[in-house]
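K.L.:
Dock chain A against the given chain Y, drawing on the hints supplied.
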Amino acid sequence: MTTRLFGEPVQRREDARLITGQGRYLDDLGAGALAAAFVRSPHAHARILDIDVSAALDVEGLVAIYTWEDLPGALAEPLPLLIPHPALTHGRTAYPLAREIVRHVGEPVVMVVARDRYLAEDACALIRVDYEILKPVVGIEEAVRGVHLVHEDVPGNVGAHLVQEVPGPGGAAARDAIAAAPHTLEFRLDIERSASMPLEGRGVYARWDADDGSLRVYSSTQTSTSVRMAIAAKLGLPLPKVEVVAPDVGGGFGVKIVHPWPEEVLVPWAARLLNREVKWAEDRREHFISSSHERGQVQHVRVGFDDDGRVLGLEVEILHDHGAYTPYGIIVPIITSTQLLGPYKVGAYRVEFSSIYTNTVQVTPYRGAGRPQGVFCMERTMDRIAAHLGRDRTEVRAANFIQPHEFPYDQGMTFQDGRPLIYDSGDYPEALRLLKELIGWDSFPEAKARAAAEGRRIGIGVGCYVEGTGVGPYEGGHVQITSDGRVHVSTGLTSQGQGHETAFAQIAATELGVPIEKVSVVTGDTRRFGYAVGTFASRAAVMSGNAIALACRKVREKALRIAAEALEADPRDLEITDGTVHVAGVPSASIPLGTVAVLSNPLRYAFDEETRRATQFAGAASDDRPPVAEGEEPGLEGRDYYSPVRSTFAAGMHAAIVETDPDTAEIRILRYAVVHDCGRLINPMIVEGQIHGGVAQGVGGALYEKMVYDEHGQLLNASFMDFLMPYATEVPHIETAHLETPSPLNPLGIKGAGEAGVIPVSAVIASAVEDAEGITIARMPISPSDLHHLRLTPQGAPGSDQ
Amino acid sequence: MKPPPFDYHGPATLGEALDVLAEAGPGGKVLAGGQSLIPLLNMRLAAPAHIVDVNRVPGLDGIEAGPSGVRVGALARHAAVERSPRAAAALPLLRQALRLVAHPVIRNRGTVVGSLVHADPAAEMPAVLALLGGSVRMASRGGEREVPAAEFFTGPMESALRPGELAVSAFFPALPPRSGTAFHEVARRHGDYAVAGVAAAVTLDEDLRIAAARVACVSVGPVPVVVDVTAACGPRPAASVEWEAVARAVRDRIDPEGDIHATADYRRHLTGVLAARALRDAAAAARGEES
Numbered sequence: 001m002t003t004r005l006f007g008e009p010v011q012r013r014e015d016a017r018l019i020t021g022q023g024r025y026l027d028d029l030g031a032g033a034l035a036a037a038f039v040r041s042p043h044a045h046a047r048i049l050d051i052d053v054s055a056a057l058d059v060e061g062l063v064a065i066y067t068w069e070d071l072p073g074a075l076a077e078p079l080p081l082l083i084p085h086p087a088l089t090h091g092r093t094a095y096p097l098a099r100e101i102v103r104h105v106g107e108p109v110v111m112v113v114a115r116d117r118y119l120a121e122d123a124c125a126l127i128r129v130d131y132e133i134l135k136p137v138v139g140i141e142e143a144v145r146g147v148h149l150v151h152e153d154v155p156g157n158v159g160a161h162l163v164q165e166v167p168g169p170g171g172a173a174a175r176d177a178i179a180a181a182p183h184t185l186e187f188r189l190d191i192e193r194s195a196s197m198p199l200e201g202r203g204v205y206a207r208w209d210a211d212d213g214s215l216r217v218y219s220s221t222q223t224s225t226s227v228r229m230a231i232a233a234k235l236g237l238p239l240p241k242v243e244v245v246a247p248d249v250g251g252g253f254g255v256k257i258v259h260p261w262p263e264e265v266l267v268p269w270a271a272r273l274l275n276r277e278v279k280w281a282e283d284r285r286e287h288f289i290s291s292s293h294e295r296g297q298v299q300h301v302r303v304g305f306d307d308d309g310r311v312l313g314l315e316v317e318i319l320h321d322h323g324a325y326t327p328y329g330i331i332v333p334i335i336t337s338t339q340l341l342g343p344y345k346v347g348a349y350r351v352e353f354s355s356i357y358t359n360t361v362q363v364t365p366y367r368g369a370g371r372p373q374g375v376f377c378m379e380r381t382m383d384r385i386a387a388h389l390g391r392d393r394t395e396v397r398a399a400n401f402i403q404p405h406e407f408p409y410d411q412g413m414t415f416q417d418g419r420p421l422i423y424d425s426g427d428y429p430e431a432l433r434l435l436k437e438l439i440g441w442d443s444f445p446e447a448k449a450r451a452a453a454e455g456r457r458i459g460i461g462v463g464c465y466v467e468g469t470g471v472g473p474y475e476g477g478h479v480q481i482t483s484d485g486r487v488h489v490s491t492g493l494t495s496q497g498q499g500h501e502t503a504f505a506q507i508a509a510t511e512l513g514v515p516i517e518k519v520s521v522v523t524g525d526t527r528r529f530g531y532a533v534g535t536f537a538s539r540a541a542v543m544s545g546n547a548i549a550l551a552c553r554k555v556r557e558k559a560l561r562i563a564a565e566a567l568e569a570d571p572r573d574l575e576i577t578d579g580t581v582h583v584a585g586v587p588s589a590s591i592p593l594g595t596v597a598v599l600s601n602p603l604r605y606a607f608d609e610e611t612r613r614a615t616q617f618a619g620a621a622s623d624d625r626p627p628v629a630e631g632e633e634p635g636l637e638g639r640d641y642y643s644p645v646r647s648t649f650a651a652g653m654h655a656a657i658v659e660t661d662p663d664t665a666e667i668r669i670l671r672y673a674v675v676h677d678c679g680r681l682i683n684p685m686i687v688e689g690q691i692h693g694g695v696a697q698g699v700g701g702a703l704y705e706k707m708v709y710d711e712h713g714q715l716l717n718a719s720f721m722d723f724l725m726p727y728a729t730e731v732p733h734i735e736t737a738h739l740e741t742p743s744p745l746n747p748l749g750i751k752g753a754g755e756a757g758v759i760p761v762s763a764v765i766a767s768a769v770e771d772a773e774g775i776t777i778a779r780m781p782i783s784p785s786d787l788h789h790l791r792l793t794p795q796g797a798p799g800s801d802q
Numbered sequence: 001m002k003p004p005p006f007d008y009h010g011p012a013t014l015g016e017a018l019d020v021l022a023e024a025g026p027g028g029k030v031l032a033g034g035q036s037l038i039p040l041l042n043m044r045l046a047a048p049a050h051i052v053d054v055n056r057v058p059g060l061d062g063i064e065a066g067p068s069g070v071r072v073g074a075l076a077r078h079a080a081v082e083r084s085p086r087a088a089a090a091l092p093l094l095r096q097a098l099r100l101v102a103h104p105v106i107r108n109r110g111t112v113v114g115s116l117v118h119a120d121p122a123a124e125m126p127a128v129l130a131l132l133g134g135s136v137r138m139a140s141r142g143g144e145r146e147v148p149a150a151e152f153f154t155g156p157m158e159s160a161l162r163p164g165e166l167a168v169s170a171f172f173p174a175l176p177p178r179s180g181t182a183f184h185e186v187a188r189r190h191g192d193y194a195v196a197g198v199a200a201a202v203t204l205d206e207d208l209r210i211a212a213a214r215v216a217c218v219s220v221g222p223v224p225v226v227v228d229v230t231a232a233c234g235p236r237p238a239a240s241v242e243w244e245a246v247a248r249a250v251r252d253r254i255d256p257e258g259d260i261h262a263t264a265d266y267r268r269h270l271t272g273v274l275a276a277r278a279l280r281d282a283a284a285a286a287r288g289e290e291s
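Just so you know, the sequences run in chain order Y and A.
If you're matching positions, the first sequence starts at 1 in this note's numbering and goes up one per residue.
If you're matching positions, the second sequence starts at 1 in this note's numbering and goes up one per residue.
One chain only, chain Y, in its complex shape (with noise of 0.2 Å):
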């Protein structure tokens, strides 16, 4: 028997847990420890004139309260600025509690410890901050005129500014390029601010152990090994005196990439000061206006291009709204202008972002990274040049594409990794057919017809993009065989809910030849791996799959070695199946990897009939060389690491049919369609699942979510009554086609999924609208609002120039 797993749509092992309440989140740890609150700026900007807590004093289960000032060492510096750039030359990250100045609504500013979290709450409410209310600066175009200013040693709220420049051939520059080409259209498109908005919102739970003098914190975090040395450093603490672990995380989504939260080194840090547990659980509300938001950019576009559509050259300025701080420096913009070239070979290629401060919460990754942005981007100004030639937009679309035969790619510009941007693999022409099938491209016009004779308003859409995946600098896996046969695999980064466990699985059982269900896989707790980097950039899979299959192989060699020895037999002629190791074509000759596991670790005592056999008496070992051979470990175990050269990047197509009610503006999908290629798949049902979240949250970024605030800073929205998340009657059924193109960069030749699903939809859904209607469309979301007024708002047709 073969076990063959990698590839099998295995069932997700976690599911049983996780949606029959069986989870371990982070709020249902700790019931017994002290609840922390937090007072939280109501104003966008403001100075701090006094705090007065006299009358919070009496609330009765009150254990501390901390402002700024008794913050002590490092943790009364800002917090840290994770991801420096030269191009960030104004980068700044909030103090843990608000230092004088606040600089959104949600900033925390005093924190509360009390018995419970109810009391706590008491507490805040009696807490009385005096404020001095500055200038608010709300929205992008505000803030770039520089009237006002976010952080005062920051002129024209300007954080950052990076110049990309690709040559077209001949050297030539973007703009002589657009200039000496055929045709040319020139205009703006907008996108709306959104949110990773996870069902489980941040959290942070640290028990000090004074006798050990020692810290241990669960954090619903997407990295806890970085956690845990933020903590460290903030706290002053010797590293291996802190643990932290990462429970069941109710989702993340980008958001909880972000690290250390103020209230991740201020809980611990108060657990510690009052030998007490503590635990913070991050409500609603504080997730609106307390964490990270995204999206929001405003682009202007110049293109150039020939008859066919062959874009000739390309100017792209991007104002980037970045909110009030800037911890994740400027990947997000970046990441914008680099994947917004997709599939295509653009010519010459000019990007230029600003990344401008707002007194609004910060902006860091969400899901698909600045790329949703980018492909809206791109996929606009195709559907542009299409329209403006009067041709197919999938013709368009393909005259532009990179052939399978040009790979590896150069696009000739500097990725988020800092590596170079060169594409590894691919096939985008056949992935386009694919769609074109799925959906029933070339037979649409027919069927628009027909519903417009019944009245009613039909639209196809298209939208491609290429996602960098898996990017560095590294990930580790560590994989041990015990006595009774069962594989304990671990890994350094976090899961949220994508289904490690299942698939990390799949690979140990498929490289070592056990039964899956001997395998059992932990991530994100630093007392089992102490080195990772964590879970983003759609990374889980290619970096810590591939570093597990090459610790497995590690096993898997040191297994064969040692049976080899206890067989008699040549480690070349023995296989391992159904977690036995035998001689191949001799079934007999057999050893149970468990008793592999026996031999390798020599033993002086025995505790059950198994390891007797590995004891000094037993016999088993020769005279003449240590029990442990020179070069060798005890124990069944091996532990490896996998380091890119560069990212991998995967890619997909969607197309939609949607239709529009001519009377209600109503915008409702019929059909949406995915063609998908993540390189080599571990578990199709769990990369389908990834594409389905991800398209949910990709129709709530095309035609629901939007983040609003009004003049003075304020959320309006902030609650899951008016952000308006799709529910399931919102997200269509979703027809999805793979396309395996392996990456040649790994050894298991996979690409990552998990953002993949979000990031065309917005230039989808755009592109169905504007066939279904006739229009324009320059902004996402939609609402039927919006397209009422869009109807009513005399423009040139699509194509035009704008």
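To be clear, the hints were calculated from the coordinates, so they are not data collected in a lab.
Note that CB positions come from ideal geometry on N, CA and C, so glycine has one too.
Incorrect hints may have been included.
What the hints assert, rightly or not - Computed footprint of chain Y on chain A, listed as stretches where at least three residues anywhere in the stretch have a Cβ under 8 Å from a Cβ of chain Y:
#1 252–265
#2 269–276
What the hints assert, rightly or not - Label-pair ranges, simulated between beta-carbon atoms:
#3 GLU437/Y with ASP205/A: 54 to 60 Å
#4 PRO9/Y with GLU16/A: 58 to 64 Å
#5 TYR727/Y with PRO85/A: 25 to 31 Å
#6 PRO104/A with SER520/Y: 36 to 42 Å
What the hints assert, rightly or not - Taking lysine to aspartate or glutamate and the EDC-like style, the derived pairs with C-alpha atoms no more than 16 Å apart in a straight line are:
#7 LYS448/Y with GLU659/Y
#8 LYS2/A with GLU286/Y
#9 LYS2/A with ASP283/Y
#10 LYS2/A with ASP27/Y
#11 LYS554/Y with ASP640/Y
P.N.:
Relative to the frame of chain Y, chain A by itself:
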């Protein structure tokens, strides 16, 4: 899940409940289905000193349907009224409207009378009560009073209920023979409060001409906006009424406001579209046709 402090009362009889409410005065708040109150408490947007949980009070969950109409008790859940065949037979509009109220899990717990007392101008059931000219019966230690819908809804989230009073039931009067109803709305997402919505009731005379036609509009004013369009229809046969023209009369009578989900202009336009659809369907139902 962290409401401010309050005293919890769980009266076992109506008399006890009224006593507690009388003592609590303006600081008392009734908990029935809790679908609006509990979120308000958790977000600390409401801070009543006393919560009076009436769920244990017997006799408040009745649904009495008869030829004259349907009386719904304070503890009758949306789902119970929605599923009641007798209520649906007496007044099809109840089921038509209740299917638009939020989601099944909310309807399982939320109450019709609670929704009326909450008096959200975007909610369906206040519009139904207003359209039908129903009433709400309120009890206090001093006795009972019945207030007609036109006087009950006094503003956004404001009703005629006084401190110390408990709304014990609501009465939805039946329509005359040859009547039909319909409820159309547009919500941003399935089950959301409507951006705009129109409940319509049309009654025909013996010659199948329009005898009465009324609409109630949600989300376009501080209270449900009832517009009598009988005159605009004229005494024409239902089949020859220009419903779009009648709907213009509705559109002209409302004064909606814009918010983050829809502009005032769109709401006005949409209300017109929905009024035409609802009136056409209601007229068809009055003629005994399936809409």
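K.L.:
With reference to the structure, classify each hint as holding or not holding.
P.N.:
Outcome of the hint check:
With 5 residues having a beta carbon nearer than 8 Å to a beta carbon of chain Y, the region 252–265 of chain A meets the requirement of three or more and the stated coverage holds. A stretch counts as covered by a chain when three or more of its residues have a beta carbon under 8 Å from one of that chain; for the region 269–276 of chain A and chain Y the count is 4, and the coverage holds. As the Cβ distance of GLU437/Y to ASP205/A is approximately 59 Å, the hint placing it in 54 to 60 Å holds. Between PRO9/Y and GLU16/A the CB atoms are about 59 Å apart, so this pair conforms to the stated range of 58 to 64 Å.
Hint check: TYR727/Y to PRO85/A, Cβ distance near 29 Å, so the stated range 25 to 31 Å holds. The hinted window of 36 to 42 Å between PRO104/A and SER520/Y holds, with their beta carbons roughly 38 Å apart. Our distance criterion of 16 Å between C-alpha atoms is met by LYS448/Y and GLU659/Y, whose separation comes to about 10 Å. Distance check on the hinted pair: LYS2/A and GLU286/Y sit about 13 Å apart at the alpha-carbon level, within 16 Å; holds.
The straight-line distance between the Cα atoms of LYS2/A and ASP283/Y is roughly 10 Å, inside the 16 Å bound, and the hint therefore holds. Using a Cα cut-off of 16 Å, the hinted pair LYS2/A and ASP27/Y holds, with the two alpha carbons roughly 14 Å apart. Proposed proximity of LYS554/Y and ASP640/Y is supported: the alpha carbons are some 8 Å apart, at most 16 Å.
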